[in-house]
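Required output: the full structure, derived from the provided sequences and hints.
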Amino acid sequence: MEFTHQLIQQLINGVSLGSIYALIALGYTMVYGIIRLINFAHGDIYMLGAYVGFFATTTFKMPFLPALIMAMAVAAVVGIVIERAAYRPLRQAPKIAVLITAIGVSLLLEYGGMILVTPQPRTFPAVFPAHTYNIGGIIVNNQQIVILAVSIALMVLLTYIVHRTKTGKAMRAVSFDTDAARLMGIDVDRIISITFAIGSGLAAAAGVLVGIYYNSIDPLMGIMPGLKAFVAAVLGGIGIIPGAMLGGIILGVIEALVSGFISSTFRDAAAFAILIVILLFRPSGLLGKNVREKV
Amino acid sequence: MLRKILSQALVIMLIAALAAGCGGGQPKADVIKLGANLEMTGGNATFGASAANGAKLAIKEVNAKGGVLGKQLTLTVADNKSEAAEAANAMQKLITQDKVVAVIAPIASSSVIAGAQVNQDNKVLAISPTASNPKVTVDPATGKVRDFLFRAAFIDPFQGSVMANFAAKTLKAKTAALYIDNSSDYAKGLGQFFKETFVKSGGKIVAEEAYLQKDTDFKATLTKIKAQNPDVLFVPGYYQEVGMIVKQARELGLNMPIMGGDGWDSAKLPEIAGTQALNNTFFSNHYSPDDNSPAVKAFVEAYKKEYNQIPDAFAALAYDATMMVIEAIKRANSADPVKIKDELAKTKDFQAVSGLITLNATHDPVKSAVIIEMKDGKQTFREKVNP
Chain A
1 MEFTHQLIQQ LINGVSLGSI YALIALGYTM VYGIIRLINF AHGDIYMLGA
51 YVGFFATTTF KMPFLPALIM AMAVAAVVGI VIERAAYRPL RQAPKIAVLI
101 TAIGVSLLLE YGGMILVTPQ PRTFPAVFPA HTYNIGGIIV NNQQIVILAV
151 SIALMVLLTY IVHRTKTGKA MRAVSFDTDA ARLMGIDVDR IISITFAIGS
201 GLAAAAGVLV GIYYNSIDPL MGIMPGLKAF VAAVLGGIGI IPGAMLGGII
251 LGVIEALVSG FISSTFRDAA AFAILIVILL FRPSGLLGKN VREKV
Chain B
296 MLRKILSQAL VIMLIAALAA GCGGGQPKAD VIKLGANLEM TGGNATFGAS
346 AANGAKLAIK EVNAKGGVLG KQLTLTVADN KSEAAEAANA MQKLITQDKV
396 VAVIAPIASS SVIAGAQVNQ DNKVLAISPT ASNPKVTVDP ATGKVRDFLF
446 RAAFIDPFQG SVMANFAAKT LKAKTAALYI DNSSDYAKGL GQFFKETFVK
496 SGGKIVAEEA YLQKDTDFKA TLTKIKAQNP DVLFVPGYYQ EVGMIVKQAR
546 ELGLNMPIMG GDGWDSAKLP EIAGTQALNN TFFSNHYSPD DNSPAVKAFV
596 EAYKKEYNQI PDAFAALAYD ATMMVIEAIK RANSADPVKI KDELAKTKDF
646 QAVSGLITLN ATHDPVKSAV IIEMKDGKQT FREKVNP
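Line by line, the protein sequences give chains A and B. The opening position of the first sequence corresponds to residue 1 in our numbering, with each subsequent residue numbered one higher. The opening position of the second sequence corresponds to residue 296 in our numbering, with each subsequent residue numbered one higher.
Please keep in mind that the hints were generated in silico from the structure rather than gathered at the bench. Ideal Cβ placement from N, Cα and C applies to all residues, glycine included. Check each hint, because a few of them may be wrong.
[Said to hold, decoys possible] Derived SDA-like pairs: lysine to any residue, alpha-carbon spacing no greater than 25 Å straight-line: (1) K509(B) / G337(B); (2) K670(B) / V680(B); (3) K509(B) / F266(A); (4) K464(B) / K634(B); (5) K483(B) / F266(A); (6) K469(B) / E2(A); (7) K670(B) / T132(A); (8) K360(B) / E596(B); (9) K634(B) / T657(B); (10) K563(B) / G112(A); (11) K509(B) / P119(A); (12) K563(B) / F128(A); (13) K509(B) / A270(A); (14) K61(A) / A562(B); (15) K499(B) / S263(A); (16) K469(B) / F3(A); (17) K563(B) / T132(A); (18) K634(B) / T369(B); (19) K439(B) / D637(B); (20) K509(B) / I115(A); (21) K509(B) / A269(A).
[Stated by the list, open to error] Distance windows between CB atoms, simulated: (22) G438(B) / S263(A): 32 to 38 Å; (23) G338(B) / F3(A): 40 to 46 Å; (24) L280(A) / Q487(B): 56 to 62 Å; (25) F176(A) / Q487(B): 56 to 62 Å; (26) Q604(B) / K61(A): 25 to 31 Å; (27) I103(A) / S496(B): 51 to 57 Å; (28) P125(A) / D671(B): 14 to 20 Å; (29) Y602(B) / A149(A): 47 to 53 Å; (30) N655(B) / F3(A): 45 to 51 Å; (31) E596(B) / T4(A): 55 to 61 Å; (32) A93(A) / K418(B): 58 to 64 Å; (33) E596(B) / I103(A): 53 to 59 Å.
See the structure below:
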């Protein structure tokens with residue numbers, strides 16, 4: 001009984017952590033799917049979203065939902081600007097050049113953020129009071145429920161956009177074959193911009209949720225979750241949207257179980273060990289098909 | 296035209312700088328110069344500002360009573376920008392340019408250690424108000440005591456033992472869990488000595504867990520600790536992670552007392568953890584403004600009058616460090632840096648704000664600690680523990 005109790009509690013902890021990884025991983029995977037770029041600045045967009053949410057709720061006294069939407073909107077615009085300024089001029093350059101630029105953008109956001117908002121961590125205001133529910137010894141709080149609900153809602157919305165709208169169809173076309181899509185009259189640059197906007201918006205939503213849940217944000221908060229989300233995206237199969245969701249949840253649960261039943265010091269090691277194992281045995285990820293690279 | 300003006304300005308500035316440099320070279324005979332090498336800007340700026348206030352207050356009080364050896368004291372403050380490399384430069388400047396006879400050293404252990412060689416080479420002492428790492432006064436390479444380095448704070452092992460005794464005797468805890476910041480030597484030191492003392496007094500450690508700085512999710516580990524059901528939880532980290540740990544622990548229904556060390560001492564802690572969650576938590580500190588001893592009362596009153604705020608531990612320890620140096624000058628009956636150092640090393644039963652200070656062979660103070668209890672987000676004085 002004691003063991004099952006603990007197991008269920010750890011699963012709840014893991015799922016709420018994992019849904020955050022999943023939201024960030026979605027952006028990684030979408031961008032990779034469309035321009036084959038690991039956007040290392042993605043974790044910092046998540047940080048940016050948390051700060052926009054922070055100023056929206058403190059300086060402008062917005063309630064939760066408008067603050068969330070505002071953070072997503074600002075991050076979407078920043079995502080588009082970054083793509084225009086840093087990645088688009090390198091569209092024809094070797095992949096490694098774009099990758100290094102992405103690292104540069106990431107550092108710019110981190111340390112630029114430090115100048116703008118100071119390195120001191122800030123305390124996120126409680127936008128809605130925390131309630132804990134004790135269901136037969138299993139503890140769930142309403143913030144965890146909100147995180148899960150918002151994540152699922154956004155994922156459903158994303159799936160709808162990708163599969164049921166014209167823009168989504170164009171995204172899938174560009175991802176499948178950029179040149180053929182361009183020949184069919186699709187404005188590839190516009191689709192790439194939209195992809196960055198959506199991915200950045202999702203990361204910003206994760207940032208606001210994390211700010212509310214953990215109560216503390218700082219300019220370097222995006223580094224570790226960014227890396228973990230990258231692992232989640234690879235785990236699920238990079239470039240595949242349901243894979244990012246699955247990868248995020250699995251990673252969160254594994255971390256919770258490792259800290260809970262083995263040792264807390266192995267938690268990060270476990271996350272990155274998964275990355276290595278996946279790359280060795282199933283490089284295309286859990287949901288990925290083994291397709292040969294087109295030459 | 297613009298270039299000409301610029302070059303003229305440059306020449307004037309150079310001349311001014313030269314003149315200023317020469318001026319500093321001749322100490323006036325009727326004052327005794329002390330220096331302070333502190334974190335006035337950068338990440339630890341709030342700590343440095345408090346410490347500078349404490350040191351200035353000490354000097355002002357002594358000067359008002361006629362100074363020492365019939366001379367007035369002055370304090371030259373150099374900014375080390377909260378960086379170890381800058382701390383060494385600031386130390387060099389204070390000693391060689393400003394010719395101070397003793398220096399109030401930086402807050403951070405790493406910055407004190409960075410400047411240590413400058414002190415040894417020039418034979419001018421430095422006393423850190425707060426540096427708690429044993430390496431500050433003992434050179435780890437040779438195992439020898441650094442002659443010219445001192446501190447006014449107790450070192451890490453003492454805090455760990457104090458909290459273990461408090462848990463075992465006052466809180467009557469039989470079992471304890473440790474949750475340690477694995478990226479900090481400070482936290483590991485406290486944890487180790489807590490464990491040793493707690494086990495010696497008959498207690499049992501039921502869980503030993505670790506986290507890293509910048510971690511945000513502690514729920515998995517806390518769930519595991521909860522299953523062990525310890526009487527107390529010891530979290531000797533810094534306030535940022537500690538705040539989140541306390542918050543998440545309470546959310547998961549861990550209602551036992553949670554304890555820590557002086558890394559908890561921050562106004563940010565109640566903001567992060569929430570005032571409710573912080574009830575039933577305790578930490579050790581160097582001093583409490585609510586302490587009823589006459590020395591503390593007098594200091595708090597003077598400080599409030601001067602700066603219109605309540606002094607924190609940094610201010611109190613910097614005040615103590617400055618007073619210890621002044622006392623040493625008095626006893627040495629000389630402003631010779633080496634003689635001051637010799638007398639400072641002999642400090643015994645000196646009544647300071649943070650308790651009765653005696654320096655041991657490794658220049659570490661042996662003195663009392665206070666235990667602070669958090670009540671509705673306010674620090675309240677719980678008890679004083681003697682070594």
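Hint-by-hint comparison with the structure:
Simply put, K509(B) and G337(B) have alpha-carbon atoms about 19 Å apart, close enough for the 25 Å limit, and the pair holds. Distance check on the hinted pair: K670(B) and V680(B) sit about 20 Å apart at the alpha-carbon level, within 25 Å; holds. Restraint check for K509(B) and F266(A): satisfied, since their Cα atoms lie roughly 16 Å apart, inside the 25 Å limit. A distance of roughly 44 Å separates the Cα atoms of K464(B) and K634(B); the hinted pair therefore is violated under the 25 Å criterion.
Pair hint K483(B) plus F266(A) holds up; C-alpha atoms about 17 Å apart against a cutoff of 25 Å. Of the pairs offered as hints, the one joining K469(B) and E2(A) holds, with about 22 Å between alpha carbons and a cut-off of 25 Å not exceeded. Between K670(B) and T132(A) the CA atoms are separated by roughly 22 Å; this keeps the pair inside 25 Å, and the hint holds. A distance of roughly 17 Å separates the Cα atoms of K360(B) and E596(B); the hinted pair therefore holds under the 25 Å criterion.
A distance of roughly 18 Å separates the Cα atoms of K634(B) and T657(B); the hinted pair therefore holds under the 25 Å criterion. Distance restraint check for K563(B) and G112(A): the Cα-Cα separation of roughly 24 Å lies within the 25 Å cut-off, and the hinted pair is therefore satisfied. Using a Cα cut-off of 25 Å, the hinted pair K509(B) and P119(A) holds, with the two alpha carbons roughly 13 Å apart. For the hint pairing K563(B) with F128(A), the CA-to-CA distance comes to about 20 Å; that is within 25 Å, so the pair holds.
Between K509(B) and A270(A), the direct Cα distance comes to roughly 18 Å. Compliance with the 25 Å bound is thereby established for this hinted pair. This hinted pair checks out: K61(A) and A562(B) have alpha carbons roughly 23 Å apart, not beyond 25 Å. Restraint check for K499(B) and S263(A): satisfied, since their Cα atoms lie roughly 19 Å apart, inside the 25 Å limit. With a C-alpha separation of about 24 Å, the suggested pairing of K469(B) with F3(A) holds against the 25 Å cut-off.
Among the hinted pairs, K563(B) with T132(A) is consistent with the structure: their alpha-carbon atoms are about 24 Å apart, no more than 25 Å. A hinted pair counts as satisfied when its Cα atoms are at most 25 Å apart, and K634(B) with T369(B) qualifies at roughly 19 Å. Proposed proximity of K439(B) and D637(B) is supported: the alpha carbons are some 16 Å apart, at most 25 Å. Distance restraint check for K509(B) and I115(A): the Cα-Cα separation of roughly 19 Å lies within the 25 Å cut-off, and the hinted pair is therefore satisfied.
Restraint check for K509(B) and A269(A): the C-alpha separation of about 16 Å stays at or below 25 Å, so the hint holds. Remark: the range hint 32 to 38 Å for G438(B) to S263(A) is upheld by a beta-carbon distance near 34 Å. With their beta carbons about 44 Å apart, G338(B) and F3(A) fall inside the hinted range of 40 to 46 Å. Against the hinted window of 56 to 62 Å, the Cβ-Cβ separation of L280(A) and Q487(B) comes to about 38 Å, which falls outside the hint.
Remark: the range hint 56 to 62 Å for F176(A) to Q487(B) is upheld by a beta-carbon distance near 58 Å. With their beta carbons about 29 Å apart, Q604(B) and K61(A) fall inside the hinted range of 25 to 31 Å. Hint check: I103(A) to S496(B), Cβ distance near 52 Å, so the stated range 51 to 57 Å holds. As the Cβ distance of P125(A) to D671(B) is approximately 19 Å, the hint placing it in 14 to 20 Å holds.
Checked against the hint of 47 to 53 Å, the C-beta distance between Y602(B) and A149(A) comes to roughly 49 Å, which is consistent with it. At about 50 Å, the beta-carbon gap between N655(B) and F3(A) stays in the expected band of 45 to 51 Å. About 59 Å separates the C-beta atoms of E596(B) and T4(A), a value consistent with the hinted range of 55 to 61 Å. The supplied range of 58 to 64 Å is met by A93(A) and K418(B), whose beta-carbon atoms lie about 60 Å from each other.
Checked against the given bound of 53 to 59 Å, the beta carbons of E596(B) and I103(A), roughly 55 Å apart, stay inside it.
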